[in-house]
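Chains as they are written, first to last, in the numbering used here: chain A, 6 to 293; chain B, 8 to 494; chain C, 18 to 294.
It is worth saying that the hints were derived from the structure and are not from the lab. Do not rely on the hints blindly, as some may be mistaken.
What the hints assert, rightly or not - Chain B regions said to be covered by chain C (calculated; three or more residues, Cβ under 8 angstroms):
no., region
1, 151-165
2, 209-220
3, 315-329
4, 440-448
Being a predicted model, the structure only gives us computed values, none of them experimental. Think of the CB as a built atom: it goes at the ideal place given N, C-alpha and C, for glycine as much as any other residue.
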Amino acid sequence: MDRVGIEERAATLGRRSIKTTAKQQGIRMAVSMVDLTTLEGSDTPGKVRHLCAKAVCPAPAMPEIPSVAAVCVYPSLVGVAREALDGTGVKAASVATAFPSGQASLDVKLRDTEEAVAAGAEEIDMVISREAFLAGDDARVMEEIVRVKDVCGDAHLKVIIETAELGSYDHVRHASMLAMEAGADFIKTSTGKASSGATPGVVLVMLEAIRDYVDRTGRIVGMKAAGGVSTSKAALHRLVLVKETLGDEWLTNERFRIGASSLLNDLLMQYQKTETGHYARPEDFSKE
Amino acid sequence: MATQEQRTSITWDYAPAPESPDHVRLRDSYGLFIDGEFVDPVDGTRVPSINPATEETVAEVAFAGSEDVARAVRSARAAQPGWAALSGLERGKYLFRVARLIQERARELAVVESMDGGKPIRESRDVDVPLAAAHFFHYAGWADKLSYGMGGRPVEPLGVAGQIVPWNFPLLMAAWKLAPALACGNTAVLKPAETTPVTALLLAEILQEAELPPGVVSIIPGDGSAGATLVREPDIDKVAFTGSTAVGKNIQAALAGRRIPVTLELGGKSANIVFEDAALDQAVEGIVNGIFFNQGHVCCAGSRLLIQESVADTVVSKLWSRMGRLRVGDPLDKNTDVGAINSREQLERIESLVASGEEEGAVRRTVACELPDRGFWFAPTIFTDVAPAHRIAAEEIFGPVVSVLTFRTQAEAIEKANSTPYGLAAGIWTDKGSKAFEVANALQAGVVWQNTYNKFDPSAAFGGYKESGFGREGGMSGLRPYLKVAS
Amino acid sequence: MSSRLPVRKTYKLFIGGAFVRSESGRYDRIEGDPAAAGVNIPRGSRKDVRDAVAAGRKALPGWAARTAYNRGQILYRFAEALESRAADIGAERADVEASIDVLVHYAGWTDKFQPVLGGINPVAAPFLSFSLPEPTGVVGVVAPDAPPLLGLIAEVAPALAAGNTVVAVLSDEQPLPGLDLGEVMGIADVPGGVVNLLSGRRSELAPVLASHHALNAIVDVSGDAALGAEIDKLAAESVTRVRHTTPAESYEAATGDPLSRLEAVTELKTAWHPVGA
Chain A
6 MDRVGIEERA ATLGRRSIKT TAKQQGIRMA VSMVDLTTLE GSDTPGKVRH LCAKAVCPAP
66 AMPEIPSVAA VCVYPSLVGV AREALDGTGV KAASVATAFP SGQASLDVKL RDTEEAVAAG
126 AEEIDMVISR EAFLAGDDAR VMEEIVRVKD VCGDAHLKVI IETAELGSYD HVRHASMLAM
186 EAGADFIKTS TGKASSGATP GVVLVMLEAI RDYVDRTGRI VGMKAAGGVS TSKAALHRLV
246 LVKETLGDEW LTNERFRIGA SSLLNDLLMQ YQKTETGHYA RPEDFSKE
Chain B
8 MATQEQRTSI TWDYAPAPES PDHVRLRDSY GLFIDGEFVD PVDGTRVPSI NPATEETVAE
68 VAFAGSEDVA RAVRSARAAQ PGWAALSGLE RGKYLFRVAR LIQERARELA VVESMDGGKP
128 IRESRDVDVP LAAAHFFHYA GWADKLSYGM GGRPVEPLGV AGQIVPWNFP LLMAAWKLAP
188 ALACGNTAVL KPAETTPVTA LLLAEILQEA ELPPGVVSII PGDGSAGATL VREPDIDKVA
248 FTGSTAVGKN IQAALAGRRI PVTLELGGKS ANIVFEDAAL DQAVEGIVNG IFFNQGHVCC
308 AGSRLLIQES VADTVVSKLW SRMGRLRVGD PLDKNTDVGA INSREQLERI ESLVASGEEE
368 GAVRRTVACE LPDRGFWFAP TIFTDVAPAH RIAAEEIFGP VVSVLTFRTQ AEAIEKANST
428 PYGLAAGIWT DKGSKAFEVA NALQAGVVWQ NTYNKFDPSA AFGGYKESGF GREGGMSGLR
488 PYLKVAS
Chain C
18 MSSRLPVRKT YKLFIGGAFV RSESGRYDRI EGDPAAAGVN IPRGSRKDVR DAVAAGRKAL
78 PGWAARTAYN RGQILYRFAE ALESRAADIG AERADVEASI DVLVHYAGWT DKFQPVLGGI
138 NPVAAPFLSF SLPEPTGVVG VVAPDAPPLL GLIAEVAPAL AAGNTVVAVL SDEQPLPGLD
198 LGEVMGIADV PGGVVNLLSG RRSELAPVLA SHHALNAIVD VSGDAALGAE IDKLAAESVT
258 RVRHTTPAES YEAATGDPLS RLEAVTELKT AWHPVGA
C-alpha cells in the first residue's frame, strides 16, 4: 500500500464535477444509504422515536426524497426503534460488543449482541478487538467475529475496524480482509467516536479490499463509511469512489451505507438548492 | 410518502459538467508579439488555430515569415544590454509579477489551453497552469542568486536566446523556456508550436501587463520553417528546443560550426517497471497516469510497461479494467480524463503505428467508448504479446497507447529498459526502497520516478540521456544552460 | 470651522496572530521621537514572552509542513502587503523599500537553500546518503534600534524562509515600525503565531527569551556587548543556538551573505538508505 498514491487517487476522484441531474440523483441515493445514527449517553425513547419519524420521511415537502436505510442506536433503545420502524422498510440497527472500545470479555460482548438481537435489531454493528489486532493476534480477531455472527441469527453483521486506531493503510486493508474472511456482511470504517473516520483514502482502500475479496470468493460484502462524512460534497465524493472502484451496481444501500447524523440535513439543503437555485438554511429542516 | 430507491439496474451517469468559456476574452486575430507590441507580420501569414475537439477556430494568429524572425531577433538584441544591466532583484520582480498574473488569470488560461490543444480542462487547470506560474515564481527567485546556483562562480548571461516549444504543454513549455532565460539576464525570441499558439499570445499580454521592457521577449508563432529560420539566425547566442528527436537532430546539425550552446529536450520511449513486490493498485494508477495523462502526448510518457512475469496477468487485468473507466471526450468537461488528439497529423501517426503493432503480431485491445463525430480522437489502447523488436516497442507513438512487455529478473528489467536510443524517464514500482534506489542507479534515464509517475516541480531538474536530448530544465541545473562563467 | 478629531491608534503586542495588551498592564513613553509623542508603548513582560514562545511553538508544525513554494508565496505576499502599506509605516521611505526588497529576496530562497546547503553524500558504502537542512524551530530575534524596520526584517525574513517561527523583541527606542508590521502581516496571509512581536524594554525581555528552553535559536542584533554575553550564558542552559550580528543598514548588507543567516537557523539532517535489493 502506498499512502501517497492512495491519497492522490482518492483526492483526484474528489474533483469529479457532479452537477444538475447527476447531483440530484446522487443526493437521493446518498439519503437512501444513510444509517441515521444517535449514540449519546443522553439518548431517550422520545429522541429515538423522533429520529425514526425523520428516517422514514426526511423531508415531507420533497416527496421524491426516499427513506434512509436504517436507524442506528444503542442496544437499550433498539426495541423502541424497531417498534417505530416496523413496516416502513427502514431497518433497526444496533451497535454491540461493548461499543465503541470493545474492551470487554468475549462473553460480555456476546451477551450484548444477543440482547440487541432479542430486542429486535435487524442489523448489528460490532467493533473488532483492536487490542488483539494491534498485538498481531489475527486468530482472536477473527474468532470474535465468527462468534458474534453466530448469535446474530438473521440480523446482518457490520464489522467496524476503527481505522483511526489502526495506524496505516496496510493495517486497514489487513483488518478488512480478516473481517470479510470471518463472515462480515459489511465492513465499516469507524465508530464515529475516534479522531477520524471515513476519509477518502480509507474508503478507497476498503473498497479495493472488497473488490479483491469479491473477485476471489464471489461473496458480496458491503461497505459502510462512518465518521466525518458530514456534507453532501463529502457524501458524493464517497459515492464517486464506490462507482469508480466497484461500479454502478454497487450504488445501493444493500451494498453501501453512510453512517451519519448531521449529514442528512445537509443533503436535504443541497437538494433543495438544486430545485430552487437558492441556498437553503439549516432551520428549513427539523433536526430530528 | 417517501419510497425506497428501486434496485433494478442501477446507473449513475455524471451529467455534463462543462467549464464555461464565457469569461474568456480572445481577440479575433493576434499579431506577432515583437518589441512589446502586437504587430502585423511583414512577410508572414495569418492562419486559424483550430480546436482539435471540435475543428472550430479558436482564434486567428499571425505566423512569422523569415523577415519577422529577423526583426524579433534584432529587438531582442537591442533590449538585452539594458535587461542584463538591471539588478537581479529587479529582473526577479518582473518575473514575480508574471507569476502572480498567471495565477490571477489561471482559469482563463486553462480554458484556452484546453480549447487550443485538446487536453482535458482538469489537467490544464490542475497541472499546466499552476506549474507555469510556479516556474516563473521559482526562477524569479534565482535572478539575484545566480552565483549560488553555479557553485560560487561569477556568471554572465549568454545574450539572445532562440527558443522553440512543442504543442503538448504549450504554456508550460513557454514558462520552462522563458523563466530561466530571463532570470539569467538573457532576452528571448520564443517560437510556439504551429497548432498551439494561443496561450503563448495570452502570455504575451501578461508580459505587457507586467510592464516587461519591450524587446525582452518576442513571441512569434509559426510553422516548422519559422523555427528553422530562428535557429539559423546569425545573431543569436543560444538555442533551446523541445520537440521530436528527429527535429532535434536537425537543429544540432544546423548549428555545426557555430559554437553556440544548445539544449535539446526530445522524445522518449520510457519504461515503466512494475516489480512483483509493488503496491499493485497504486502501480496501476501510476501506469494510467504515465501513458494516458495528456492523451500520451508526453515526451516522458511511460509508454513501455515492463511487468515482472509473476504479476503480469494480474496487473494487465487490473489495468484493462481501470482503462475501461477512463472518460474520453469533451476536453472542456470537468469529468473528462482523456481529451482530443492534438491534430489530424498526429492522429494519423498514431493510427499508423498502431496498425503496425497489429501487423507485427501484438495483441491489441482498445477501450470501447463513444467518440464525438467531429474532432480527432483515439481511444486508450493496450498492446500485449509485444516483443522488444516491434515498432510499437521501439518507436515513440506519442498517443494513448501502452505496450506491455514482461521480465523475470531485476537485471533483465534494467537491460530491457536501457535497450533504446532514448533515455528520458523511467518508472520503478516496488515496495522495497533499496531496490528502488539500486534500479534507479542502473537506469539510463534523466528522470526516474519511484512509485509515482509524471511528477514535475520547478525545483527538480528534468531532461534526458542519449537521444532524448541534453541539458536540464528546472532547479539550479536549469540556470546553467543560460549562463556563461565570467572571465 | 470645526476640525476633525482623529481616532488614535492603540499600539499592542502581536502574539499568535492577535493584537493583545501586555499582561503586565504597564506602558512606556518614548522620548525624543515625535512620531511617538503621547503614544503608550506596551511594556512586554516575562509572561508575554512565555505566551509568544508558546504561540511560535504551536504555529511551527503547520508552518514547517507547508511546501517551500507556499512559504515563498506567503513571504512574497508579505512584501506586497508592506509595499501597499508603505506610507503608513512609521519608518523612513528608504528603510521601508529596502525591507520590501529583502522580503522579496528571501521569498526566493525558500525552495533554493536546500540544494545549496544540503546534498547527496557519496559515502564509501552501498548507501544513498543525503543531508537536508531543516528549520531549527522557534527563533528569537533581538532587534536593533536602527534601522528600525530593516534591522528587524533582515533577521525575520531568513528565519521564516527556512521554515522557522519567530519571536522578536523590538527596539526600545523605535518600536513603532515593528509594531506596525503586525498589521501588515494580518493582510499578508502569514499564519497566526508564525511571527510574534514584543515591545518593551530589551534589557528585561531579551534575557527571558534567551533562557526559555523551548526557544531553539536566538539572533542578537542589539549591538550591546554586555547583553550579548548575558544571552550567551543563558542560552547555554538548553544549548540554544546563538548568532550575534550587526544591524543591516541597507538592502545589500541584508542580502550580501544570505547563507550565513540561513545556516544559523537550520539543522542539517543526514539520512542513510541501503541501495541493493
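Which of the listed hints are not met by the structure? Hints 2, 3 not satisfied by this model.
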